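Starting from the known structure of chain G, arrange chain C on it as the hints suggest.
Number of protein chains: 2
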Amino acid sequence: MFSKDIYVSRRKKLAESLKRGFYLFLGNSEASFNYTDNQYLFRQDSTFLYYFGLDAPDLAAIIDVDNGKQIIFGNDVDLADIIWMGPQPTIAEQAAEVGVTETYPLCKLADFVKEAMAKDRRVHYLPPYRNLAKMQINQLLDIPFEYIKEHSSTEFIKAVVAMRLIKEPCEIAEIDKACDLGYTMHLTAMKMMKLGMVEQELVGIMEGIARTGYSVSFPIILSQHGETLHNHKHDAILEDGRLCVIDAGVELASHYASDHTRTIPTGGRFTEQQKEVYTIVSTAQDFALQKVRPGITYTEVHLDVARIILQGLKNIGLVKGDLDEAVQMGAQALFMPHGLGHHMGLDVHDMENLGENYVGYDEDHVRSKQFGLSSLRMGNVLRPGHVITDEPGIYFIPALIDKWKAEGTCKDFINFDALDKYRSFGGIRIEDDFLVTDKGCRLLGHKRLPHTVEEVEKEMN
Amino acid sequence: MFSKDIYVSRRKKLAESLKRGFYLFLGNSEASFNYTDNQYLFRQDSTFLYYFGLDAPDLAAIIDVDNGKQIIFGNDVDLADIIWMGPQPTIAEQAAEVGVTETYPLCKLADFVKEAMAKDRRVHYLPPYRNLAKMQINQLLDIPFEYIKEHSSTEFIKAVVAMRLIKEPCEIAEIDKACDLGYTMHLTAMKMMKLGMVEQELVGIMEGIARTGYSVSFPIILSQHGETLHNHKHDAILEDGRLCVIDAGVELASHYASDHTRTIPTGGRFTEQQKEVYTIVSTAQDFALQKVRPGITYTEVHLDVARIILQGLKNIGLVKGDLDEAVQMGAQALFMPHGLGHHMGLDVHDMENLGENYVGYDEDHVRSKQFGLSSLRMGNVLRPGHVITDEPGIYFIPALIDKWKAEGTCKDFINFDALDKYRSFGGIRIEDDFLVTDKGCRLLGHKRLPHTVEEVEKEMN
Chain G
7 MFSKDIYVSR RKKLAESLKR GFYLFLGNSE ASFNYTDNQY LFRQDSTFLY YFGLDAPDLA
67 AIIDVDNGKQ IIFGNDVDLA DIIWMGPQPT IAEQAAEVGV TETYPLCKLA DFVKEAMAKD
127 RRVHYLPPYR NLAKMQINQL LDIPFEYIKE HSSTEFIKAV VAMRLIKEPC EIAEIDKACD
187 LGYTMHLTAM KMMKLGMVEQ ELVGIMEGIA RTGYSVSFPI ILSQHGETLH NHKHDAILED
247 GRLCVIDAGV ELASHYASDH TRTIPTGGRF TEQQKEVYTI VSTAQDFALQ KVRPGITYTE
307 VHLDVARIIL QGLKNIGLVK GDLDEAVQMG AQALFMPHGL GHHMGLDVHD MENLGENYVG
367 YDEDHVRSKQ FGLSSLRMGN VLRPGHVITD EPGIYFIPAL IDKWKAEGTC KDFINFDALD
427 KYRSFGGIRI EDDFLVTDKG CRLLGHKRLP HTVEEVEKEM N
Chain C
7 MFSKDIYVSR RKKLAESLKR GFYLFLGNSE ASFNYTDNQY LFRQDSTFLY YFGLDAPDLA
67 AIIDVDNGKQ IIFGNDVDLA DIIWMGPQPT IAEQAAEVGV TETYPLCKLA DFVKEAMAKD
127 RRVHYLPPYR NLAKMQINQL LDIPFEYIKE HSSTEFIKAV VAMRLIKEPC EIAEIDKACD
187 LGYTMHLTAM KMMKLGMVEQ ELVGIMEGIA RTGYSVSFPI ILSQHGETLH NHKHDAILED
247 GRLCVIDAGV ELASHYASDH TRTIPTGGRF TEQQKEVYTI VSTAQDFALQ KVRPGITYTE
307 VHLDVARIIL QGLKNIGLVK GDLDEAVQMG AQALFMPHGL GHHMGLDVHD MENLGENYVG
367 YDEDHVRSKQ FGLSSLRMGN VLRPGHVITD EPGIYFIPAL IDKWKAEGTC KDFINFDALD
427 KYRSFGGIRI EDDFLVTDKG CRLLGHKRLP HTVEEVEKEM N
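Chains as they are written, first to last, in the working numbering: chain G, 7 to 467; chain C, 7 to 467.
Bound-form chain G, shown alone (with noise of 0.2 Å):
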């Protein structure tokens, strides 16, 4: 938790960005894994954290602007509570600690809700992700399930979005912290990588890190399949030759998040093919870096990332034809059929819950239509203060490589014979967390991992 005033300021400057109204901050409850009583980590919502700081599950808040009050609701606990749980501070307390002196037993939400709802006044939420959520709001305001995303407050979206896409110096701080922690979780699965290990030996390892800070940020990926973007299964067993992409971050007790990707050798050293593409990866990944600065877009960005890739797999053979073209084509979605990167922060995939369109575009920035390029999630100008990632990437799906081929999708771009002998490649991302500065952009955290083939080698051997 942060100082009190960070959380005073913030409401304020929410409240006065919003100007008038009426509106619901719902935190998180416990989820059951098999049983009520046996639940997952707890994750508080992360607008109420920025809002709120509050870590507990079980409590609501409201701001509502016209009246200048803001309350915190959520219910003390009881002797048979202290037994099992430890003494506990009270709401009041709890809510003193972020500046909030106005607090209620959770259920006088309802009074205050339906009391504005009687006079007529809308009560602003913000898009549900949790079915509880979903099950509260259609209670309190009596709104069918199937409209409840669509009567969300895209004003409230709005002005949360506005202020949590820049990071205060606070924040920047722990998303340092956490990519430290995050270096480490990488650095070690690279030191204990061994053939023969089973992926979940080294997941295991991972997590175990990352729960020393607060959790992973994500289901970890690592496989040796890498051409299959979210394979969340680690049952293989680490065979030489192979290429595994290790996509993993952690998530602190303040839950700032980090994000990095690396791409290993299974064996400890690189293939001359895995050499010649990983290199056209990593030079890509650097090129985004340089690129970065205030004023331009990450659709462009993305955009000339891609050029770069199409360049290099046109270096060894497997892409021709006129390299601006291609791009406009979207021929490069056949290797990176994902974005170039994301907002980070509270969330790794930061907001997404308030929805990816709010966060990484906006009225002058839609997004794409096209295959691949409709998969970047953030197209809008980068300012000082965003947190963002940069994860290019080359893959050989061979279902994909046979659908493109069958339907002639960007025939005149790729030579698909030559693909033949990458069908068992598997894929390669690299992937890092960049603050965008005055004038450019700096890597968060204080140490970067090892990045080249050489640098990648050295740590493995």
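Hint data in this document are derived by calculation from the structure and do not stem from the laboratory.
Computed from a prediction, not measured in an experiment: that's the story for all the values here.
Hints should not be assumed to be uniformly reliable.
In silico DMTMM-like cross-links for lysine to aspartate or glutamate, where the CA-CA straight-line distance does not exceed 20 Å [unchecked claim]: (1) C:LYS140 x G:GLU413; (2) G:LYS375 x G:GLU413; (3) C:LYS409 x G:ASP87.
Frame of chain G, contents of chain C only:
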């Protein structure tokens, strides 16, 4: 997953025991962490796993006993999914692995349910513990949320409980394996514990080991304030002279659980005061294992253990008076406010979602209302094939001591003044898992964790 025959035979046995009716099995879906697509580790519903074996989200099944039908519902993946998740077997292929030949897309479930309802047939379902399942039942069966639990099917619950309580050899083999990994996890913590560590570091190491199986079977309890029974905070720095309670289990990929507790001195050596109390608990824990045999109730074992504990505490001057009377009055609950143990299997508290009183009690054995004994999760007759935990403890909980002293509770049996020098003692719990056999019981797992004062000190030094 076990062999097809196991699932076929379980469903046959269930259908025979139910005789008639229409039974709905809802599998679990993904659960969101901080936005929809950032998900907790997937956990299938245990009853779905037990009868249908398929360990994937968004599945459902029905057994229509009257019409001899067994159907699995789920959706096949499309090309977009294959790119992101890799090639997947079809639902029909997956169902065939567990001996089910009829499958439909998930949306067809509603047709079958509505057809049954249209014929005035009751749709039996189990009490849901996840909000999505509540929403599904609300929508499929048109039952208001507040009635969902009470409208769940007692016949269905009882038939499932009767089968799952008696573990099959293939299940016992998995639980043995889970206990073996649990052994490694606890032993590693014992070896790595050092003064000055933050508790969370040990938690990370242990969770990392659990993750090489699948997961922890419940959130790790690890605290030098063991008097807080369900303490999930791990922010304390390990100080010399404390006892650290570590209650942790693993869950394998088969989802069978282990659950062990050890209480170890932070600095590797017990004080004399700690040795005295520890020895009472370890003796009581061993005593329970000697006492267990088919035909006895776990309430009897619990109360005999309570007497052993009170006798030990009387020997060191904390308890006085007639011990039989003290047990009857529940004096032991000041020191051990919880029950001696619980069933364990696919859930660490097995089938807690179906209702503890159906699992641990029956018509002839009703749960006590006395403080302490009311927390005993099982009081029914032990039978061969039961898998149960044995976990007595002694805690000095200042809030509870003060309450009993002020109220005069059990004042004839407790030397409240003598408790003063135990106020900062903390707590001790020791737990192993056992199988009820034809003649008695056997510990699960191939090695027993260090158990006596001598064994623990030897391991830590």
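Against the structure, the hints:
no., hint, result
1, C:LYS140 x G:GLU413, "violated, 44 Å"
2, G:LYS375 x G:GLU413, "holds, 19 Å"
3, C:LYS409 x G:ASP87, "holds, 14 Å"
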